[in-house]
Amino acid sequence: MSEFAPLAMFLCTFAVLLSGFPVAFCLAGTALGFAGLGVLTGDFDSAFLSALPARIYGIMSNETLMAVPLFVFMGVVLERSKIAEDLLETMAQLCGSLGGGLGISVCLVGGLLAASTGIVGATVVTMGLISLPAMLKRAYSPAVSTGIICASGTLGQIIPPSIVLVILGDVVSSAYQQAQLKMGNFAPVSVSVGDLFMGALVPGVVLMGLYILYIIGLGLLKPATVPAVPDEERAQILSAAFLRRLGAALVPPLVLICGVLGSILFGVATPTEAASVGAVGAMLLSLAKGHFNRTTLKEVMRTTTEINAMVFIILIGASVFSLVFRGYGGDEAVESFLTHEATGGVLGSFALVMAVMFLLGFFLDFFEIIFVVVPIVGPILLTMGLDPVWLGVMIALNLQTSFLTPPFGFSLFYLRGVAPPEISTPQIYRGVVPFIAIQVLLLAGLWFVPELATYMPAKVFGRG
Amino acid sequence: MERLNRFIVHTVPWLTLGMVLVTFTVVILRYLFERGWVWMQEIALYMHAFTFLLAASYTLSRDEHVRVDILYRPMDVRRKALVNLLGSALLLIPCCAVLFYQSLPFVANSWAVLEGSQDGGGLEAVYLLKTAIPLCFVLLFLQALAIIHHSVQTLRTQ
Amino acid sequence: GQAEQQAAPAVQSQQHFKWKMVTTWPKDFPALGTGANNLARSIDALSDGRLHVKVYGAGELVPASGVFDAVSGGTAEMGHGAAYYWKGKHEATQFFSAVPFGLNAAEINGWLRYGGGQSLWDELYADFNLRAFPVGNTGVQMGGWFNREINTLADFSGLVMRMPGLGGEVLRRLEVTVKALPGGEIFQALKTGAIDATEWVGPYNDLAFGLHQAAQYYYWPGWHEPGTALECMVNKQALEALPTDLQAVVEYACQAANDDMLSEFTARNSQALKTLVDEHGVQLRRFSNELLAQIGKVSAEVVAEIAGQDPFSSRVYSSFDAFRKNSIAYTRISEEAYTQARALTFG
Ligand code: NA
Ligand code: NA
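Protein chains in written order, with the working numbering: chain A, 784 to 1247; chain B, 469 to 626; chain C, 3 to 349.
Some hints could be false.
[Unchecked claim] Here are the simulated DSS-like cross-link-like pairs (lysine-lysine), alpha carbons at most 27 Å apart as the crow flies:
| hint | chain 1 | residue 1 | chain 2 | residue 2 |
| --- | --- | --- | --- | --- |
| 1 | A | Lys1081 | A | Lys865 |
| 2 | C | Lys299 | C | Lys327 |
| 3 | A | Lys1005 | A | Lys965 |
| 4 | C | Lys276 | A | Lys965 |
| 5 | A | Lys920 | A | Lys1072 |
| 6 | A | Lys965 | C | Lys56 |
Simulated from the structure, these hints should not be mistaken for laboratory data.
Just need the whole structure built from these sequences, with the hints factored in.
What follows is the structure, encoded as structure tokens:
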């Protein structure tokens, strides 16, 4: 029974998740159920379960993840004090008669914000809070609105700086070391997070460009789903009053967001530090606008608390799941499958790995996947001759697509968590489909034209 | 349980503001005054950990934990109650039991040596931080009981 | 009854054991992670497969910071790391890995095995239900990676630097904000600006982490870690549950690993240093004598102060310090005199 346990656990978790009970407890509960069964039949070493508190403590003491509540705090302040809404609306008015103007603004702001966090949970939640009400107010179709938010929220994974790329860079680098050591090179070339950042830059920007093209297309072909700003509002555009409003609505938050982003991009501050500055800045902005008082503050704190609990309890659930998966030898099963049973050479094996990671992306957070899968398959694939930067960017793009794909994509869960009840889940699912198509297009492009990822690092760092 | 949740909602959220302000102070000290103390960063980290561990049950009571709700959402009240009843009894309570039980020796060992920070100049209170783990699952367990109670009532009356 | 009794020893010696080894290193990390792998492999080979050890990289079973608890509590039977990571458990742990201006690799092996160090270590770890074995040594480490030149003590002030153990405590007195990040998190932290400077091990490992891509000045010598001992800890009950021959296998496999890792570092570090300088244009810098003397003074105060905090730490310190005094006298006219003599002709 034990060799089928990892697969059975997967399928069972699928079914249990569909019941609609909270995700975190479905992941943990099903996994622990399997562990308990295994302990009874002797297929599962109960000592594994005693690793759980240390893993939870690892999540609690992870300083990188502390950026999440701080970014959420900033997002909630921007939302509650209507700063973000004003910003998006003003940007949309600037787009003039172009249908989809607001959507494009969301995409750009999402890309900006995403770039500053790179944490799917934080970005999707923040964007959901900020821009969903604005879009609905403008009579955007709910499906299109949620699609744009989910997609631009996950952009953060691929547009540097991104925590996914940082962690992936770490793991790919050590896999690359091993691959070279295995091949007898004891003064190995290293691949760094910097290489991966550079590698992801072009695909990330292309991706955002494709999103925007799609929204422009919608504006031309189906203007009802992304209505332009009404004529009477546009008429005021060049008035002095509008320009003043423009200055007031556009400049401060853009300065704030760019400051936060810039300080991370240029390595001045860590995401956590930048997020705290952003949060304080947002409070000051809202204070200046006269929107900030005790009630607002209480609401902000309460919402931040709930979202923080929601995100981190999922992380704990995913950690329980992956521990039990490992305890059943799921990691070894994957390894032996790849090395012995997969045929079709290096690209065949890689395609298979990508498919598996895509499926894992439904259940596990990227930390879990990167830590579980890449150390196992990375050295094998790199020994077969794949380029490490290309491998890293492909993995990041693949996971990003996975997090966007219904019914289990994490970004959909997170958006569901903050979307108003009037929006139905199928609407969210329908909305992301075109964006998934764009993702797949880019993945295919990257597959056949690896230079999209490898050119920049080679150019800048002289790699390759 | 309701009174407990009310208590949580009036206290725990302040930690998020504390986190923002402490981290901001760390940033100011670091970049403007070139000074830093590990214990300040750890205070923010403690606040973050306490926030999500202590608020997990309250968040559950507000139904703010994410669900795959493609089938759940269209269900009527009775069916939803059934899902929550079974989920709490078969998934959540076992989780709480296992995680609570496993965390006891982990926390006890930490108390036994009054475990301090791994970093010099850090907060010497890792044992308090670790204590939040079993506490989280006790609270979640109580909340699960409350949900079961509520679901049974719904199933009886509707 | 009699037949069973006769059969018993044979049955016991054929009994198979499956152990888990958790490590503080990223999986298969050069020399440290692979050192853990080699240890597991040699235990397997020496026991003819009767004791099989599966190695888990940091985060696979427990995070790097959870290794001590995991072995102490029986989650895993073995752990591989360095004792100064467990300062939060007891200050005295730090003496069994590295002390600023303390013992070099050969000396710390001498102290542990023939100078009374091991029995103190056993006494300390017994309280945590553990046995510890030295299981490798990095040799003299490098002084660290910086993005600005360090000429005076004031240049340290205001830095956020990664440095574990007592060296970290010394830097803290020099107004450095000190972090003890596990290895796997260093590059990320340096690149994102969470830290301004770091030390890690030496050329071989530092090259493998790509630290030269995040900082430009590479300082020497590593005053803070003159020969860091790595440790293998074993859960006491798990060890005692083994038949005596397998217990010996564990002990001697650790001894072999202790020798092997130092040999690997000796060979690879010099090769990697050449790569760093020739191919990556890394700027080598030496801490000035004046600076080293000042840091040395602070180090002596810090170590004595920490040793004075509890009776056990002071026992460890006095044993350590006595050994160092004797070593200094002999090392001066042996290793030190010899390397200087060699340099006269060979540079
Ligand atoms: Na990003
Ligand atoms: Na070191």
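Among all the numbered hints in the text so far, which are the ones the structure does not match? Hint check: 3 fails alone, others pass.
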